[in-house]
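Asks: So the sequences go chain by chain: A and B.
To convert, take the position in the first sequence, counting from 1, and add 919; that gives the numbering used here.
To convert, take the position in the second sequence, counting from 1, and add 35; that gives the numbering used here.
Where hints are given, some of them may not hold.
[Stated by the list, open to error] What follows is a set of in silico ranges between Cβ atoms, one per label pair, in the way DEER data are often shown:
| # | chain 1 | residue 1 | chain 2 | residue 2 | range |
| --- | --- | --- | --- | --- | --- |
| 1 | A | Leu934 | B | Ala601 | 41 to 47 Å |
| 2 | B | Tyr495 | A | Ala928 | 52 to 58 Å |
| 3 | B | Val591 | A | Phe988 | 29 to 35 Å |
| 4 | A | Leu934 | B | Glu183 | 32 to 38 Å |
| 5 | A | Ser995 | B | Thr369 | 40 to 46 Å |
To be clear, the hints were calculated from the coordinates, so they are not data collected in a lab.
Cβ atoms here follow ideal geometry from the backbone N, Cα and C, with glycine treated the same way.
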Amino acid sequence: MSDNSDGQAYWKANLRLVGLCMVIWALASFGFAILLRPLISGIAVGGTDLGFWFAQQGSILVFLVLIFFYAWRMNSLDREHGVDEE
Amino acid sequence: MDQTTLNFIVVGASFALYFGIAIWARAASTSEFYAAGRGVNPIVNGMATAADWMSAASFISMAGLIAFVGYNNSLFLMGWTGGYVLMAMLLAPYLRKFGKFTVPEFVGDRYYSNAARVVAVICLIVISVTYVIGQMRGAGIAFSRFLEIDIEAGLFTAGAVVFVYAVLGGMKGITYTQVAQYCVLITAYTIPAIFISLNLTGNPIPGLGLFSTMAEGQAGAGQHLLVVLDGLLTDLGFREYTATTNPWLMALYTLSLMIGTAGLPHVIIRFFTVPRVADARWSAGWALVFIALLYLTAPAVGAMARLNITTTMWPAGLEGEAVAQDELPDWFETWQVTGLLGVEDKNGDGRIQYYNDANPAMAELAAERGWEGNELVTFNRDILVLANPEIAQLPGWVIALIAAGGIAAALSTAAGLLLAISSAISHDLIKSVYNPEISERGELIAARISMAVAICVAVYLGLNPPGFAAQVVALAFGLAAATLFPTLMMGIFSKRMNAPGAVAGMLAGLISTCLYLFLFLGWFFIPGTAMLDSSQYLFGIPPTHFGPIGAVFNFVVAYFVSRATAAPPEHIQELVESVRIPRGAAGAVSH
Chain A
920 MSDNSDGQAY WKANLRLVGL CMVIWALASF GFAILLRPLI SGIAVGGTDL GFWFAQQGSI
980 LVFLVLIFFY AWRMNSLDRE HGVDEE
Chain B
36 MDQTTLNFIV VGASFALYFG IAIWARAAST SEFYAAGRGV NPIVNGMATA ADWMSAASFI
96 SMAGLIAFVG YNNSLFLMGW TGGYVLMAML LAPYLRKFGK FTVPEFVGDR YYSNAARVVA
156 VICLIVISVT YVIGQMRGAG IAFSRFLEID IEAGLFTAGA VVFVYAVLGG MKGITYTQVA
216 QYCVLITAYT IPAIFISLNL TGNPIPGLGL FSTMAEGQAG AGQHLLVVLD GLLTDLGFRE
276 YTATTNPWLM ALYTLSLMIG TAGLPHVIIR FFTVPRVADA RWSAGWALVF IALLYLTAPA
336 VGAMARLNIT TTMWPAGLEG EAVAQDELPD WFETWQVTGL LGVEDKNGDG RIQYYNDANP
396 AMAELAAERG WEGNELVTFN RDILVLANPE IAQLPGWVIA LIAAGGIAAA LSTAAGLLLA
456 ISSAISHDLI KSVYNPEISE RGELIAARIS MAVAICVAVY LGLNPPGFAA QVVALAFGLA
516 AATLFPTLMM GIFSKRMNAP GAVAGMLAGL ISTCLYLFLF LGWFFIPGTA MLDSSQYLFG
576 IPPTHFGPIG AVFNFVVAYF VSRATAAPPE HIQELVESVR IPRGAAGAVS H
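Chain B extracted, bound-state conformation (with noise of 0.2 Å):
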């Protein structure tokens, strides 16, 4: 059998699985819809978690985009995992007790203004949008990668197995086929990474093999795997792979990934699931445990294949010949196929020599070995991941729990996207602001149809990306902390905030955010409009790292505005005492 086959085997197997889910939870009521009934185990609800927040850019890009620039993208471990701490102790558990269905309706109810609700629906439409583009997008590269058909039926077929159980089940059928995907993504991400970290350092962990010596057999067999990882790469002229540059931009930066994924309000209405105060400060840890299986894996994935690689290039060391190019391994001759590698003999020495021709350090070793440029001239940074399996020389079935993986881990960031613009959609905007005597049989109607919707938007705007794809998650990113997360904490934290504060708050964070991305990256990314270019760059902060710069635009307008007009009614005040503890969190679960 072939590898395709068996890729549409196991891929197939797991549709079969989330059908099956889907038609056993599916929806009877606008409760199960938007919060699957508030009945997921704080266990289970923290599973479901991390399928939501792991996309195709986690599970695919995030290995290689460590290993290509080393200690400098930790950031994104970082970043990614510091803002569940932030969720955890500012905003989860409150907005439990609040104990209503979406973000936008807590902005409205707490700030007493369909002013607020409005533009609250308008920044989760807008980081929610920008953010499912590149999931339907990663949904049909992952398609057509290992299913051998084109992007666009990939794509097809991605939002008709997301319209199946999230129109059937809505949130409750979200929430159950979340959690087989996340089975499905761990174990297709850590079996090749123990079998490699085995092969390199026998240790079956690998962050514990990261920093382990290399075992017998390998090259540099005693010595720690990151220093012959970083005396190669310095060998060949990369920069070294621990090496720190700009630390104060790195912290910017991990800030403002932090603070945009606490405000994200896909993985916000997550916590409104569970039943309990007490269950939604438990599910923020266990989700927490279940994206760390990846993210502590993830850096010594990372580290080992790029070492694999280089090792493959060079397999007598530097001073040894290159690799010549006929006995390169198969594995990367069926990744040359795809495009993800590829080579050119320059100097026509059969022999494939792989090192940093840009650093001018490497110029005379060059002309000296008659080298005449990098020969390895295609090297995705997705290879590091996709090709992994069979590195580690693992069988067929492993590629194609690989393949059931990465569409596992695109499809579930999708529906949890779709559901939170839905639910804005049918519960704030029809519901709330629009037509409050709606009947809950017609929410009901009225959400599926949103979603169905929704999901058509989804694939068109997948189809026909808008020409920025690369900007756009750090406008999610940048707005979400810029907009959300000041207002929802100061909602929570300070009963002074009242409408006209927290207006103008989120329009300062919205305004300001936009502007700076939109004055280096054009406006609405339209290429060729940028009236500023990057020595331009305001204290040097670089458009992808200024959300926390827009936070603090929030925080302040809001605090200022607020200070200058009427304190919020006493009602409200009552509201944020109730808000601030959790007794009597079960009687909110009839809404």
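This is chain A alone, in the form it adopts within the complex (with noise of 0.2 Å):
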């Protein structure tokens, strides 16, 4: 770490990121696929509603891309704060 505010810095970033993609976990799981189902009932996808698709592939599909997305962010935060593994 190359000072201590940087530290600090890079921590609230960090916090921040994993914030942002945990609205969006808790969207695509307990959102859309479950409470939120009613609502977007009327677009159909496949025979069914959206819900349903967000339930039995649409959830698993935005968790792969959620974790990618953090590890490929916090691996350049690492590089931008100067706290990354040589």
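Grab the two chains, each in its own frame, and use the hints to assemble them into the complex.
Replies: Here is the structure:
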């Protein structure tokens, strides 16, 4: 860590990123797939509604994208703040 | 050559492969035994994690679990994958940076307390032992079903195979065997699914086929598969496939499985095997890629198999006659022998009527057409995966591959659990608490002996399962969610969290979860000792869904106790600072 304030900034950036990812994570699973399903039931997908698709396929795909996005963003944040592994 | 001989050859070949890997990947140091020398490529670790995670239940039972209930049981798909998001962002990279070997070791060092370490070991052992009983049972059943030997002989064989590569190679042997096991199980799972999807919808990707229209020549051609399935099921008096019942309970159960997944020690320790923190982040993504290959296929397998079996029973639709008993397909006959399918011609008309006789709305139609109850009397949910190759009319070697795949799924998960148990004993109890002076060589011997003992105990418990086999998985997930996950997370995200807070929190999670389970399911699951029944659920919450509530107890108790007691010492706050940044992870390799 170059200095303490940069370490603080790095940790804050990490928490913001994790927070954003958690919101999307919750929205794709608890939201669209379960609790908000009635709200989006008008959108038809393959013989059923969008909520059903989220429950059986979409949520898992969103999780995948989220983890890779997080890994990519964090690995570049490490370098920006000079805390990466040499 | 008959099918059993072919099964023996394919399963035997897979064992030869595992033994070859075991000899190649012998562990020479404790670092290799506990963490595969931290030299595992992140993609390879992702594959091993997928095999570690996907048990016999995922492989054999999950498609059926979804197919018999439909939409509501999507919670298993989301719960058992969504936990990886939590693990990737809240636990795995930081614990890898910490650079030690076991989960209780982080708890003990971070909370500078052997009491915290021992409580974590107890939680780990309760979680992993309850989980491993199911795996040993699953392996025994897979052996007996495919190789036509007793469950007991199957259990001993499973124990012996795991013994060879787990005792010899520790984490290193287990890692590379799990990679081979993943390849076997995913091939076995997807080949029949692709053929069935092609046949029904013309789409080779089952996850897309599920949302496609039926192919030419199929019943309901041109209509969507799910529309056809919904129609058939409602006509037969079953619940509509895509219908919702209680969304709040579904969300709570999903959350319970997600937090529980993230807190399972045998999965967390897999992320200790990669070289760098950045690799731990990527590796969680790769793990989910390999898991998703099966999890995206499973709902399609379930729905398509249910459709196939229903149309087999009603070849001319519900308006036509039911299938005649002597015209049932060959695979139906084969599986009847195993007792997973069973028919009984109750009204003696030589035909088998399959419908929901528990639905009062069907009584009128039944009376009118002379049905005297559902005649497909046994319809085991596991059949949906097991009979798939035969339904798709695939050759015998694919059926043998399903046998090898089911066994691989059970063995890979059992081995991962056994390593988590044995490393907690040899590293956390023997090395950290009982005899800190033990030499590297002595600890490696202790690790091998702990592994051997753990395998013997697991085989014994598999042979004599406590009478609560069905409830134990709920206990494992509930406890992981209520004890280890909050404690690990607070250890990373709160510098102020101290030893009294963590110990009180873990105990609050452990006791509240056990109490809720025991009150409704019986003390220590002993039948007849339950003190409350399902009408008395607190806010209607079943014990299986309790994990997140136990986790809340843990967080709240830990917060207040830590605020009322002294802040952790300076060097612990520095430790938390260092866990939060990746720099310096390489230095922690040589432990």
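Asks: Taking 32 to 38 Å as the stated bounds, is the beta-carbon spacing between Leu934 (chain A) and Glu183 (chain B) within them?
Replies: Cβ of Leu934 (chain A) to Cβ of Glu183 (chain B): about 57 Å, so the range 32 to 38 Å is violated.
Asks: Could you tell me whether the CB distance from Ser995 (chain A) to Thr369 (chain B) stays inside 40 to 46 Å?
Replies: violated (56 Å)
Asks: Could one say that the CB atoms of Leu934 (chain A) and Ala601 (chain B) fall in the range 41 to 47 Å?
Replies: Roughly 26 Å apart at Cβ, these two residues miss the hinted range, so it is violated.
Asks: Indicate whether the distance between the beta carbons of Val591 (chain B) and Phe988 (chain A) respects the range 29 to 35 Å.
Replies: Holds: the Cβ-Cβ distance is about 32 Å, inside 29 to 35 Å.
Asks: For the hint 52 to 58 Å, verify it against the beta carbon of Tyr495 (chain B) and that of Ala928 (chain A).
Replies: Since the Cβ atoms of Tyr495 (chain B) and Ala928 (chain A) sit about 55 Å apart, the hinted range of 52 to 58 Å holds.
Comparing the model with each numbered hint stated earlier shows that hints 1, 4, 5 do not hold.
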